[in-house]
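Here is what each chain is made of, one letter per residue.
2 protein chains.
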Amino acid sequence: MQKKILLTESEMPRQWYNVCPDIPNGLQPPLDPGTNQPIGPDKLSAIFPMGLLEQEMSPESWIDIPEEVLEIYKIWRPSPLIRADKLEEALGTKTKIYYKYEGVSPSGSHKTNSAVAQAYYNKKAGIKRIATETGAGQWGSALSFAAHKFGLECKVYMVRVSFDQKPYRKVMMNTYGAEIVASPSPDTPFGRSVLEKNPDSPGSLGIAISEAVFDAASREDTNYALGSVLNHVILHQSIIGLEAKKQLEKAGDYPDIIIGCCGGGSNFAGIATPFLRDKLDGKNIRLIGVEPASCPTLTKGKLAYDFGDVAQTTPLLYMYTLGHDFMPPGIHAGGLRYHGMSPIVSAMVREKIIEPMSVHQIECFEAGRLFAQTEGIIPAPETCHAIRATIMEATKDLNKPQTILFNLSGHGLLDLSSYEQFYAGSLHNYDYPEEAINAAMANLPKVG
Amino acid sequence: MQKKILLTESEMPRQWYNVCPDIPNGLQPPLDPGTNQPIGPDKLSAIFPMGLLEQEMSPESWIDIPEEVLEIYKIWRPSPLIRADKLEEALGTKTKIYYKYEGVSPSGSHKTNSAVAQAYYNKKAGIKRIATETGAGQWGSALSFAAHKFGLECKVYMVRVSFDQKPYRKVMMNTYGAEIVASPSPDTPFGRSVLEKNPDSPGSLGIAISEAVFDAASREDTNYALGSVLNHVILHQSIIGLEAKKQLEKAGDYPDIIIGCCGGGSNFAGIATPFLRDKLDGKNIRLIGVEPASCPTLTKGKLAYDFGDVAQTTPLLYMYTLGHDFMPPGIHAGGLRYHGMSPIVSAMVREKIIEPMSVHQIECFEAGRLFAQTEGIIPAPETCHAIRATIMEATKDLNKPQTILFNLSGHGLLDLSSYEQFYAGSLHNYDYPEEAINAAMANLPKVG
Chain U
199 MQKKILLTES EMPRQWYNVC PDIPNGLQPP LDPGTNQPIG PDKLSAIFPM GLLEQEMSPE
259 SWIDIPEEVL EIYKIWRPSP LIRADKLEEA LGTKTKIYYK YEGVSPSGSH KTNSAVAQAY
319 YNKKAGIKRI ATETGAGQWG SALSFAAHKF GLECKVYMVR VSFDQKPYRK VMMNTYGAEI
379 VASPSPDTPF GRSVLEKNPD SPGSLGIAIS EAVFDAASRE DTNYALGSVL NHVILHQSII
439 GLEAKKQLEK AGDYPDIIIG CCGGGSNFAG IATPFLRDKL DGKNIRLIGV EPASCPTLTK
499 GKLAYDFGDV AQTTPLLYMY TLGHDFMPPG IHAGGLRYHG MSPIVSAMVR EKIIEPMSVH
559 QIECFEAGRL FAQTEGIIPA PETCHAIRAT IMEATKDLNK PQTILFNLSG HGLLDLSSYE
619 QFYAGSLHNY DYPEEAINAA MANLPKVG
Chain E
199 MQKKILLTES EMPRQWYNVC PDIPNGLQPP LDPGTNQPIG PDKLSAIFPM GLLEQEMSPE
259 SWIDIPEEVL EIYKIWRPSP LIRADKLEEA LGTKTKIYYK YEGVSPSGSH KTNSAVAQAY
319 YNKKAGIKRI ATETGAGQWG SALSFAAHKF GLECKVYMVR VSFDQKPYRK VMMNTYGAEI
379 VASPSPDTPF GRSVLEKNPD SPGSLGIAIS EAVFDAASRE DTNYALGSVL NHVILHQSII
439 GLEAKKQLEK AGDYPDIIIG CCGGGSNFAG IATPFLRDKL DGKNIRLIGV EPASCPTLTK
499 GKLAYDFGDV AQTTPLLYMY TLGHDFMPPG IHAGGLRYHG MSPIVSAMVR EKIIEPMSVH
559 QIECFEAGRL FAQTEGIIPA PETCHAIRAT IMEATKDLNK PQTILFNLSG HGLLDLSSYE
619 QFYAGSLHNY DYPEEAINAA MANLPKVG
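Quick note, the sequences are listed as chains U and E, same order.
Sequential numbering from 199 applies to the first sequence in the working numbering.
Sequential numbering from 199 applies to the second sequence in the working numbering.
Isolated chain U, as found in the complex (with noise of 0.2 Å):
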């Protein structure tokens, strides 16, 4: 048996997938909120450059990846498929697991997919600077490295709770020479009024995105780049289930079930969508996506219109959300304490092409220390969410012969504090946050 399936650099796909055009019933527009109408990329123009908007709307299902792109993506892509054999032994199942490792990129997660091809477009557009929001710090050192590398400044607004928990994220990103502040932050309006409500707010993604997009808004030379939710996010990461694909077909597999943690959508998406039209196709092949039961987005939110930020300064998206103002529980999982979740991964909910499963944290930090015993790899709390589903599904029917595919979206390395956490004992499972979320929702914007 091959451990790991590898690419050469001349195997790497030189399109990513445009999954848009393919989902049933198709994408609602997003809205401008003052007006309730479709949004232009003209409005958008004023912090997203012109090469994403296009991107963003695009009905071409391949769109070409720039040479400029490809240059950086040689550093790490393609990254290996590998054969979770180890844990498979471990757990004593007939069940065929693979991960594809995208720990290998150099911030440790796939985030930098869509980072290098941000900044390209940006850098494109005679941009200077970037200004980003980050959760668990996997998007903003993503997006520190490959501003760098196209000569542009960037300022990450980390979510307080992970600039806490994760004190070398910020060491990360400053190696590659960013700026990073703690969101709420005294460095944006909207961060000083959440401050003066409660100085010691853990923050969300949702501020965060809040200061982001003004601190865009409010320069000229400044745009705003999103690490996930968006359709250009999740067309960049469609790099991976393509990969995964080709490594697949050459290990003579197919599998039967995709499993990626769901935050924003675009882990899952990437790995997923590449699939969708075997599926359409009649395949047999199930997609899960798997988030927190504190912040239960798919299994317990509501498709609706909905700010991507708490601020209600974006567009209104249509998307599975718990309301832009529900504050979840601060759970290690950074990444996945998101409101809302990618239009494409709810419009594919919807169509009951994916599955959606929530799960508890404490059980996930389990899977991942079983995972580290026996693939060596310490995967980071958000890809434990993957795991410990692909753990629940091969064990279901021990006997059963099939194949899972999951995402190793990052590695946990720069997450230890939370292993720690989780070893001592001092880590809770949150129940669904009800009131909360009831709360919120009662919060959605009324359009139409």
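Hints were generated in silico from the structure; no laboratory data involved.
Don't take every hint at face value.
When chains are identical, the list treats them as one kind, so a pair holds in a single copy or across two.
[What the hints assert, rightly or not] Simulated pairs of lysine-lysine, DSBU-like, Cα-Cα distance not exceeding 35 Å: (1) K294 / K201; (2) K201 / K322; (3) K550 / K395; (4) K598 / K395; (5) K321 / K598; (6) K498 / K326; (7) K201 / K448; (8) K292 / K477; (9) K292 / K326; (10) K598 / K498; (11) K272 / K448; (12) K322 / K292; (13) K241 / K448.
Please arrange chain E on chain U, whose structure you already have, making use of the hints.
Below, chain E alone, put in the same frame as chain U:
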């Protein structure tokens, strides 16, 4: 240009290369400190399994890698050889720079190569538990992982200064199921005696070795494992250079210079020794071992018999040494804070096969940051020494077409606190600690 030169699992070497028979004028045997006579395997078998002792003294040039070890190597090996074209570009040099990336192993460094082999032979000998020391934490992490793989318990004595600076290392070792204590520790008589004299002792590898050896010698079920210095460790690390040679052949290249950092000597010897026969056959190839100016074993030490540890419990090794009770300044490259040097590397320096070089830490961190910004990977502080030397060689004459191969022995993701201190400007360069070295040199054991 191909960025990454990969080998398939079937191209992975099936034998380790034992350099000992090829070293001109050979090695001096280790001595029993009681009798000053060569020490036999019988006496060493109290703390080492016979499988490793046979390797330690083997006259064979090639030794088969057991299937069980290859099986675990396949988790991350063969490791990639990567062309540092983006670093070359930043330097404006015509030198071609390749690096062998050993940071892909589960514990993040080359140490895993020997850890897996050592755990295997101990398991085979019926041992239940291994005691060891660790400086920076790389070796302790590697052995924790390897021991768990073979169902062995593992106790790690971690040099206090690293223990405090690198809390994530402890969490990693815990993840792999090991028990960790800061050294000097209250767990051994020698540790207690050091603590009595100096409760704030920062520790040293020499002290931690004494503790681990005592632990192993005092328990029937426990053996000792050393992560560098000894011949069998260098043997296991030869897989690095053997792979690199194959990979350079694939790239149609051959190194003019091979560079590695030197603490105990294992990563440097691992990449360099497989090229020794070519050098002896007349190939014009320079082998450069790089050590910290604050612990200048090869450049300022003496070639003599000395103890491997502070408590004078190990056999006497014929090696470059600063004296077994030399206490190096607490620089951040904990893996390079060792008074001695592998007898193999020492003999090759004696024969003028290896050129030793010493560098200061601040310049090393500068080199590490430039490497991260260009090549993406944040290197371990130890590895930064090799990168610093590589940059010096590549920029001596920018127009000289030459090829450098260096060993990127480990990533620095668990060492980011030292980068943080570097950015904050709170690191110092330690000059040659002449007085401390002179004092320690006066205490060398009298032999012959």
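We went through each hint and held it up to the structure:
1. K294 / K201: both (12 Å within a copy, 31 Å between copies)
2. K201 / K322: between (40 Å within a copy, 24 Å between copies)
3. K550 / K395: neither (41 Å within a copy, 70 Å between copies)
4. K598 / K395: This pair counts as neither: shortest intra-copy Cα distance 54 Å, inter-copy 63 Å.
5. K321 / K598: This pair counts as between: shortest inter-copy Cα distance 34 Å, intra-copy 50 Å.
6. K498 / K326: neither (41 Å within a copy, 49 Å between copies)
7. K201 / K448: So K201 and K448 pass the 35 Å test inside a copy (12 Å) and across (22 Å) alike.
8. K292 / K477: within (24 Å within a copy, 51 Å between copies)
9. K292 / K326: This pair counts as between: shortest inter-copy Cα distance 30 Å, intra-copy 53 Å.
10. K598 / K498: within (30 Å within a copy, 64 Å between copies)
11. K272 / K448: Both, since 20 Å and 18 Å are each at most 35 Å.
12. K322 / K292: Classified as between; 29 Å across copies, 50 Å inside a copy.
13. K241 / K448: Cα proximity of K241 and K448: none, with 45 Å in one copy and 52 Å across.
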